[in-house]
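Chemist: Chains as they are written, first to last, in our numbering: chain F, 1 to 194; chain R, 1 to 194.
Read the hints as simulated data drawn from the structure, not as lab findings. Source: prediction; values computed, not measured. Any given hint could be a false lead.
Copies of the same chain look alike in the list, so a pair counts if it works inside one copy or between any two.
Restricting the straight-line Cα-Cα distance to at most 27 Å, the calculated cross-link-like pairs of lysine-lysine (BS3-like) are [to be verified]:
{"no.": "1", "residue 1": "LYS21", "residue 2": "LYS186"}
{"no.": "2", "residue 1": "LYS107", "residue 2": "LYS168"}
{"no.": "3", "residue 1": "LYS112", "residue 2": "LYS67"}
{"no.": "4", "residue 1": "LYS156", "residue 2": "LYS53"}
{"no.": "5", "residue 1": "LYS33", "residue 2": "LYS191"}
{"no.": "6", "residue 1": "LYS168", "residue 2": "LYS35"}
{"no.": "7", "residue 1": "LYS34", "residue 2": "LYS62"}
{"no.": "8", "residue 1": "LYS186", "residue 2": "LYS62"}
{"no.": "9", "residue 1": "LYS43", "residue 2": "LYS146"}
{"no.": "10", "residue 1": "LYS191", "residue 2": "LYS112"}
{"no.": "11", "residue 1": "LYS67", "residue 2": "LYS35"}
{"no.": "12", "residue 1": "LYS146", "residue 2": "LYS168"}
{"no.": "13", "residue 1": "LYS146", "residue 2": "LYS67"}
{"no.": "14", "residue 1": "LYS107", "residue 2": "LYS10"}
Protein chains: 2
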Amino acid sequence: MHNQLKTYCKNIVPLTDEELKLIDTHFEVQNLKKKEFLLQDGKVCSSIGFIVKGAIRHFHIKDGVEKTCDISFENSWVTDFQSFTHNMACVMNLQAMEDTILLVIKKENLYKLYSECSVYETFGRLMVENVALRATDIAMSLSSDKPEERFNNLLKNRPDLFQRIPQKYIANFLGISPESLSRIQKRIHTKSKS
Amino acid sequence: MHNQLKTYCKNIVPLTDEELKLIDTHFEVQNLKKKEFLLQDGKVCSSIGFIVKGAIRHFHIKDGVEKTCDISFENSWVTDFQSFTHNMACVMNLQAMEDTILLVIKKENLYKLYSECSVYETFGRLMVENVALRATDIAMSLSSDKPEERFNNLLKNRPDLFQRIPQKYIANFLGISPESLSRIQKRIHTKSKS
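Chain F with its partners taken away, still in its complex shape (with noise of 0.2 Å):
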């Protein structure tokens, strides 16, 4: 189960067999069935964990509606970043899409792994940077990308997300009904065949 997680790390910065051992003491398992909750709104986060199997959606609810935010597979990170790093009550859900495992690590012990270990330190700016990037990109698409753009962008970069999760969550999380998305997809069928 940690190998996993080791060889993800190693592939990222140079690390010794001695600072490697560090992540069995550090992580433990968490086994999640389908539609199970790794967190729930209302809660302060503070741990994050990482995907060793399964699918986590991000949603938060606005006025009783959810809204799909991300959603994660194999080898991401996943946590409400706003309430890990503030000690907020967090706004994210993180629900099982799929029977998961995760790895997860305590804030203070991420942070003691910090310290303790710069080789880490580094690895946890590379990964911030990670969330930065993909929060900026979604910000930017958001922004300024028609519903159709944003389905053609999904389908180049996350090809495995349709193959995986039900239409009902790729539409929430496009922002558009699930009719809305039945018509991107039947236009743009028409197109490929024209």
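With chain F's structure known, arrange chain R on it following the hints.
Modeler: Chain R only, in chain F's frame:
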């Protein structure tokens, strides 16, 4: 000039006098006249700037139309994060809205600083965390808040914006027309009087 950045850094991480001196040698002063560009789209962004005085507007151009993504004032960092991290041609434009003074660090100097002095690596991680938090916040707001809510949040969190930046850029940042912004302002003004 460099003292402002030193004070800023000392408030975030503990730094010895020797570590603080690295700021003098790694950061260069850059002056921009109002309307001048720190960065234009199509180029690779290889530096990060700290605003000592002034204002920078971040915008990208979509189908010939400017989309304002952010507006930064004193004691903020500015860069095209995607371009800086992945050496890609940048999509962002960074333009001075007032006469602006920056302290700029080149990428190679920043990475040298990180490897020479681990406290700067911690500082870097914390700064990137802020970028991630801000981008997540903007993305969440764009995906679920109505223009009037986004206007209210802006008024609450960034009142300085309304003092220093022409209305048309604030409207553009909110993703609405200047006329819609006027209508929202009038409506709120009427509500607050009744």
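Chemist: Indicate, hint by hint, whether the structure satisfies it.
Modeler: Status of each hint after checking the structure:
1. For the identical chains of this complex, LYS21 and LYS186 are neighbours neither inside a copy (51 Å) nor across copies (62 Å), given an alpha-carbon limit of 27 Å.
2. Within a single copy, LYS107 and LYS168 get their C-alpha atoms no closer than 34 Å, and across copies no closer than 43 Å, so neither meets the 27 Å cut-off.
3. Taking identical chains as interchangeable, the C-alpha atoms of LYS112 and LYS67 are never at most 27 Å apart, the minima being 34 Å within one chain and 41 Å between chains.
4. Taking the closest pair of Cα atoms, LYS156 and LYS53 come within 27 Å of each other only inside a single copy of the chain (22 Å); across copies the shortest separation is 42 Å, beyond that limit.
5. For the identical chains of this complex, LYS33 and LYS191 are neighbours neither inside a copy (40 Å) nor across copies (49 Å), given an alpha-carbon limit of 27 Å.
6. With identical chains, the CA atoms of LYS168 and LYS35 are at most 27 Å apart within one copy only, with a shortest distance of 15 Å there and 45 Å across copies.
7. In this assembly of identical chains, LYS34 and LYS62 lie within 27 Å of each other by CA distance solely inside one copy; the values are 23 Å within and 40 Å between copies.
8. For the identical chains of this complex, LYS186 and LYS62 are inter-copy neighbours only, at 26 Å across copies versus 30 Å inside a copy, given an alpha-carbon limit of 27 Å.
9. Taking the shortest Cα distances, LYS43 and LYS146 sit within 27 Å of each other only across copies (26 Å), while inside one copy they are farther apart (34 Å).
10. For the homomeric pair LYS191 and LYS112, neither the shortest alpha-carbon distance inside one copy (55 Å) nor that between copies (51 Å) is at most 27 Å.
11. For a Cα distance limit of 27 Å, the shortest separation of LYS67 from LYS35 inside one copy, 16 Å, qualifies, whereas the shortest one across copies, 38 Å, does not.
12. Proximity of LYS146 and LYS168 under a CA criterion of 27 Å is satisfied in both settings, with 18 Å inside one chain copy and 22 Å between copies.
13. Taking the shortest alpha-carbon separations for LYS146 and LYS67, both the intra-copy value of 18 Å and the inter-copy value of 14 Å come in at or below 27 Å.
14. Taking CA atoms no more than 27 Å apart as the test, LYS107 paired with LYS10 passes in both settings, with 21 Å inside one copy and 23 Å between copies.
Against the hints set out earlier in the document, violations occur for numbers 1, 2, 3, 5 and 10.
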